[in-house]
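Undergrad: Using the hints provided, position chain B relative to the given structure of chain A.
The listed protein sequences derive, respectively, from chains A and B.
Under the numbering used here, think of the first position of the first sequence as 1, with each following residue one higher.
Under the numbering used here, think of the first position of the second sequence as 116, with each following residue one higher.
Possibly wrong hints are sitting among the right ones.
Here are the simulated DSBU-like pairs of lysine-lysine, each with C-alpha atoms no more than 30 Å apart in a straight line [what the hints assert, rightly or not]:
hint	chain 1	residue 1	chain 2	residue 2
1	B	Lys245	A	Lys113
2	B	Lys349	B	Lys324
3	B	Lys214	A	Lys51
4	B	Lys144	A	Lys70
Counterexamples of contact, computed for chain B against chain A with all Cβ distances above 12 Å [what the hints assert, rightly or not]:
hint	residue
5	Gln252
6	Asp271
7	Gly309
I should point out that these hints are in silico values taken from the structure, not numbers from a laboratory.
On a predicted model such as this, the values are computed, not experimentally measured, just so you know.
Cβ coordinates follow ideal geometry from the N, Cα and C atoms, glycine included.
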Amino acid sequence: MVMRMAKVAIASVVLIACGASLPPPSDDWAAAQADVGRAQSGGAPSVPDAKLHLQLAQEDLQKSKDLMDKDNKRAASLVALARVEAQLALSLAKAASAQESAQQAQQDLQKAKGN
Amino acid sequence: MKSMRAVLVATLAIVGGLSACGGERLPPKALSDARDEFHRAKTGIAIQFDPTDVHEADLALQRANQAWGDDPDDPNTIDLAIVAQRKAQIAEAEAQTMKSQRDAEEAKRQLQELMSTQLLSARGQLNQTKQQLEAEQRAAAEQRQRLEDLERKLKDARDTIAKIAAVKDDERGMVITLQGEVLFSTGKWDLKAGAMAKLDQIAEVLVGKEQPMVVYGHTDNVGTHDMNMDLSQKRANAVRDYLVSRGIPQDLISAQGKGPDVPVSDNGSIEGRASNRRVEIVVQPKKS
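Excised from the complex, chain A in its bound form (with noise of 0.2 Å):
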């Protein structure tokens, strides 16, 4: 009911915004995909922050695939936020193993230390 108001919302406000006939931008939509087949590939699914913005990513690319050759330019620019959405998932996924990494290390160190 929400999405749909939302979406509805959106529709108007492009519709009446841009009347321009732009190009699908399907070479941007597949690198959004492979985006976000790297953050799922990067262990975004198992760090919640990262989770949800790969979630994000998946829903723009969604939408973005619905507004194909509908409205291009609203498309085009959901796909530029899928790609930044999956990024940062990847970011966050790579910053938590990390910090667990550099958490063990100190540990060791600690440990080593104790003896």
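TA: Frame of chain A; chain B shown alone:
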């Protein structure tokens, strides 16, 4: 969550649309969030570790600001603002990764250093122990060698003496027995020439051994006891004096006449009496 941003975006879009004809407008929340996030990146660890991504975020924020200035009602403006915010967040996350990696490397380096220090110290202790052990083994080997040398010398000495005199061991030490006939003429106490040759050889072996010795004179039971005591003492003295003249230290050698009191054979036969007339040199174990 899925719908949260959609609602936010829609609300802003609607608000934007409604107030399109108004005067000065506040920037949408997405844009002010992006500005806040960029400020954090610009002043936090992101600029320190990942200036490239901070620059990217800066460019994205400029585009969002530009878009909002150009057309506040364009929904893409909101997207651009979110892109800018995400780029600032990426810069911060990447910087966090780099900082963690640096911390991990530093911890690993310290661990390596600590372990090599511990290894060196253990190796040093091991070396020291090994050297001590080797020194002890060397000392033990030297001690063993000295004992062997000493035993060999004693044996050599004994073998040498055994060629010219009867040698036996009893509780007093090594006993060298020389027959009276070999040393003295009947009733006399001056040494025969042959006796001196034998005593020379004995002295040669015993010189430098630093073993105390006693020369005992013995007789048979022919004649008075007093006379025999006197004769045996004089004969013992003669042997002692001769050995001293050949290099045996005076303070290590004494002489004692036993007369007929300590026979080794029956005085009833000629052979027995001959055996009893004798001089014994008792070489005592070295005082240590």
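Undergrad: Starting from the hint list further up, note which numbers the structure goes against and sort them upward.
TA: Checked against the structure, no hint fails, so every one of them is satisfied.
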